[in-house]
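Undergrad: Take a look at the letters that make up each chain.
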Amino acid sequence: MNKLFENELKVINIGLKSFKETLDEQNVQSVQVDWKPPLISDSTLFDVIRINSDKIETANKEAVKRILNSKPVLTGMGKAIDVIPGMKKNLLLHAGPPVAWDKMCGPMKGAVIGALIYEGFAKTFEEAEKVATSGKIEFSPCHEHATVGPMAGIVSPSMPVFILENEEFGNKAFCTMNEGLGKVLRYGAYDESVIERLRWMENVLYPSLKKAIEKIGKIDLKNIIAQALHMGDEVHNRNRAATSLLYRTLAPEIVNQNEKENAISVLNFINSNDHFFLNLSMGVSKVSLDAARNIENSSIVVVMARNGTEFGIQLSGTGDKWFTGISPIPEALYFTGYTKGDANPDIGDSSITETNGLGGFAIAASPAIVQFVGGSTNDAVNYTLKMYEITAAENNIYKIPYLNFRGTPTGIDVIKVIEKNILPFIDTGVAHKNAGIGQIGAGVLEAPVDPFKKAFIGFANQLKNS
Amino acid sequence: MVTGILKRGEYFDSVSLMLIAKKISELEIVLDSAAVMGTPENKSMLQTSGLLTDELQNASDMDLMIAYKCNSQNESDLISKKINELFKKSDNTNKSSGSLNPSSLESAIKILPDANLAMISVAGKYAGDEAMKALKNGLNVILFSDNVSIEKEIELKNFAKEKGLFVMGPDCGTAIINGVPLAFANVVNRGNIGIVAASGTGLQEVSCLISNSGCGIFQAIGTGGRDVKKEVGGIMFLEGIKALAEDKNTEVILLVSKPPADEVIIKIIELVNKIEKPVVGVFLNASIELLKQSKINIARTLEEGAMLAVVHSRKENIGKVYDDLESQFSELQTIAGKESAKLNKTQKYVRALFSGGTFCDETQMFFQHIDEDVFSNTPVGKVKKLKDIWKSEKHTIIDLGDDEFTVGKPHPMIDYSTRNKRILAETNDPETAVILLDIVLGYGSNMNPLAEIVPVIKEVKELTLQQKRHLPIVCSVTGTDKDPQNRTTVAAALKAEGVLVMESNAAASKLAKFLIERRVKRNE
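So the sequence lines, in the order shown, correspond to chains A and B. Counting from 4, one number per residue, gives the positions in the first sequence under my numbering. Counting from 612, one number per residue, gives the positions in the second sequence under my numbering.
Next comes chain A alone, as it looks inside the complex:
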């Protein structure tokens, strides 16, 4: 028999707001749902999802458990050619989903040119362009080699990379060292100063850091991120706290293991670059999410990445398949002298941080950069709260002080994205559309709809055929 008459009326109102106002006037407890129609209207696809919902739930629980239980530690460094799986002398890795040379955006082309000069395949821009189009050089997404790279994300064979290990699941991930701001390769700059810095990083920075890390043994990066979230970072657009914590960890052994002059230059380099930790927060995210790959029937997103032309995602349950769409231009605050017209479409693997419950998903932890999201802490908090709608879990380690230490929204579920019509929120740097100019602003964007629609359809069809 119905119990409605026996209990105090408590209402969830889905639709007309005036009904909720009426309830408020009568002091009836109620919650308004801001409902939107789903992104896909084909109900047969939802039927497939519904029929398989138990399987999907079990698979997603496993995927999320793996993401949360991952233990990413920094264990060492090496040359890309020696450590990255599948790396070859004529291979360049790039950010985002696969892209051919003629479809690459300005900054990515610039970074390819720079990398070819750095590797000694060419001496000038013209030579490098010829080499790039000759067919001798192969391109492949970082993500297909357990690697992540910010902005253009170019990784060439001689570049030194950090080695991250997932102690829980045994998988590894790789990332380059952050070059700093201004004219840098990842924004497509390739002039002499850029190449010179890359050489210094290879010859001075890399050996010094390598020795220090070897001496320390391993560095718990998850712990550093957890602390950094309490210190105002979201470790995508703000890495000041995490960089400082890493600096404190490394400094003694950098000094102990190296000659004074080198130690000074290395410490100054890290100290002057607030984003030094960014590549590592990306690596942490990559190594954690890779552990959740290839779980049959899981609709959890394990990659969101952009190559400056396209935005691509991968799901745990759909293997190595990319689902892509046109990469949007972020809504940004631009540095003096630049406008939206100068901006390149969204680029870089750094949205792996959002995929892992950091970055835009953790922006409520980062009041210092709320200006990017509308100006008030309220906006930032709301963005984070909204992401709980499309995620499968709340993080067990990454917590947000302002939300009473609630875990960050982690594990994007493509089904929730489509059903609720809420797209992942990314806060990011903005590159100039022309090679070599560099960062011109920072801002936010909603992930584009198409990759998620395609992924949902692909996922549902795969279920139907299984």
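Where hints are given, some of them may not hold.
[As the list claims (entries may be wrong)] Far from chain B by the CB rule (all over 12 Å, computed), these chain A residues:
no. : residue
1   : Asn16
2   : Gln29
3   : Leu94
4   : Lys106
5   : Glu132
6   : Gly138
7   : Ser196
8   : Ala254
9   : Lys419
[To be verified] Derived EDC-like pairs: lysine to aspartate or glutamate, alpha-carbon spacing no greater than 16 Å straight-line:
no. : chain 1 : residue 1 : chain 2 : residue 2
10  : A       : Lys39     : B       : Glu637
11  : A       : Lys186    : B       : Asp725
12  : B       : Lys747    : A       : Asp57
13  : B       : Lys840    : B       : Glu717
14  : B       : Lys633    : A       : Glu334
15  : B       : Lys744    : A       : Glu11
16  : B       : Lys763    : A       : Glu9
17  : A       : Lys343    : B       : Glu637
18  : B       : Lys859    : A       : Glu11
19  : A       : Lys13     : B       : Glu857
20  : B       : Lys736    : A       : Asp45
21  : A       : Lys6      : B       : Asp725
22  : A       : Lys39     : B       : Glu717
23  : B       : Lys721    : A       : Glu397
24  : B       : Lys853    : A       : Glu11
25  : B       : Lys859    : A       : Glu9
26  : A       : Lys6      : B       : Glu773
27  : A       : Lys13     : B       : Asp725
28  : A       : Lys457    : A       : Asp45
29  : B       : Lys1093   : A       : Glu28
30  : B       : Lys736    : A       : Asp50
31  : B       : Lys721    : A       : Glu171
32  : A       : Lys6      : B       : Glu857
Worth flagging that the hints you see were computed from the coordinates, not collected in a lab. Treat the numbers as computed from the prediction; the structure is a model and nothing was measured. Ideal Cβ positions, reconstructed from N, Cα and C, are used throughout, including at glycine.
Given the coordinates of chain A, work out where chain B should sit on it, guided by the hints.
TA: Using the frame of chain A, we list chain B on its own:
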């Protein structure tokens, strides 16, 4: 000219500065601008853009530099003032905590874990799925949305029945649960009468009449009109009756519906015969043969249903109801006599323009046995279908809330414009003898109905004065004095405009009918 402002020792993070710089550059009189900290790099940047004034040359890393180009000193002063305001504003940014409505039922449940009712008013295409989610989470459902398929309705109701939950609707406009009026509902007294209704306006009418006569309602379950049809089989109508039979606050049960399917009537009778509480039933236009065999106390009109419920509620003698109706009859006849005497010979027909669908049905019930043709857009019984819904023929009784009238428009209880135009059209028709209207108050309806209707009534009076006619307007007002619009205020204002305001639609319909009958007699 270039102006440079140096704010010594004022540190701002680069993001705040970018935002302020953006706002400065948006000022129309600003030709070029920058707001940056005084680092050597920034100084050289200002130098390149010709914005580095002598004063700014001396800035240090921890000093704020603001520079802008404009055309005159006056402009420069104005800009400088604006900049000061901008910096002031950036100090008082909103510090309130996050507040975001959840985007889904699941998240809403996390916020209100003991919620027991979901009100759903999203587009019909999606409403069924949302309702199913609510049921699976153990919530009762009011489905306000229409355009939910009958298959979905049956699926939802069967599922709900199994779980001991209600699905009110689809197309359920109103309900009262535990004394709380929901959706399009009136604020009525609480009391010992419980209602199950397959008719939204019907529920509003009986609950208001009960409340206005001093009794009250604690529960009113709306089932949606389709529930009592053969296909759905009265699933929720029957569940509603069972729940009221069990409810300790309910002593009298009132059932309201357009005629249910025969098989549903039989089930209702079987169920009611097992109930000890008094049960009153209003089944408009139903053949009462079947019902006669039950213990249901049958009422012919919504008003009569309310009156019967009231005497049961007060444990008075039923005879009182019929005495009251008797005296109402003579009063209405008196008014009808006076009014019909003022009519011209050309004035022959009633034109009833309703916003409440059930009223349209109820009024047709009164008029269907008249010797002349009666038309409606939603005909019942002997009433004929209007050829063109926008044009009245002879006696015409219209439901303006029907889909044909509301495409792309709010319901006529909210938006009076379609009906107002129609009132004027009927006024200009010399054959119109009486205009019959309803005004429905309560939550969800227009909050200021007088502002909508009074100007039109004034216009009617002017038009008829010009044309040397008298045109009576009869109107029922459904509502209570606790409604936000206040029934007494609305009724008084209408009376002041010469409108014949009636307590119920039944009374208004009777008055209109008597008027027509007397006009016929007089013409003979």
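Undergrad: If a hint holds in the structure, say so; if it doesn't, say that too.
TA: How the hints compare with the structure:
no., hint, in the structure
1, Asn16, "violated (5 Å)"
2, Gln29, "violated (6 Å)"
3, Leu94, "holds (36 Å)"
4, Lys106, "holds (32 Å)"
5, Glu132, "holds (29 Å)"
6, Gly138, "holds (41 Å)"
7, Ser196, "holds (14 Å)"
8, Ala254, "holds (23 Å)"
9, Lys419, "violated (8 Å)"
10, A:Lys39 - B:Glu637, "violated (34 Å)"
11, A:Lys186 - B:Asp725, "violated (57 Å)"
12, B:Lys747 - A:Asp57, "holds (14 Å)"
13, B:Lys840 - B:Glu717, "violated (33 Å)"
14, B:Lys633 - A:Glu334, "holds (13 Å)"
15, B:Lys744 - A:Glu11, "violated (21 Å)"
16, B:Lys763 - A:Glu9, "violated (28 Å)"
17, A:Lys343 - B:Glu637, "holds (14 Å)"
18, B:Lys859 - A:Glu11, "holds (15 Å)"
19, A:Lys13 - B:Glu857, "violated (21 Å)"
20, B:Lys736 - A:Asp45, "holds (11 Å)"
21, A:Lys6 - B:Asp725, "holds (12 Å)"
22, A:Lys39 - B:Glu717, "holds (14 Å)"
23, B:Lys721 - A:Glu397, "holds (13 Å)"
24, B:Lys853 - A:Glu11, "violated (20 Å)"
25, B:Lys859 - A:Glu9, "holds (9 Å)"
26, A:Lys6 - B:Glu773, "holds (13 Å)"
27, A:Lys13 - B:Asp725, "holds (7 Å)"
28, A:Lys457 - A:Asp45, "holds (13 Å)"
29, B:Lys1093 - A:Glu28, "holds (13 Å)"
30, B:Lys736 - A:Asp50, "holds (15 Å)"
31, B:Lys721 - A:Glu171, "violated (32 Å)"
32, A:Lys6 - B:Glu857, "holds (10 Å)"
Hints 1, 2, 9, 10, 11, 13, 15, 16, 19, 24, 31 from the earlier list are contradicted by this structure; the remaining hints agree with it.
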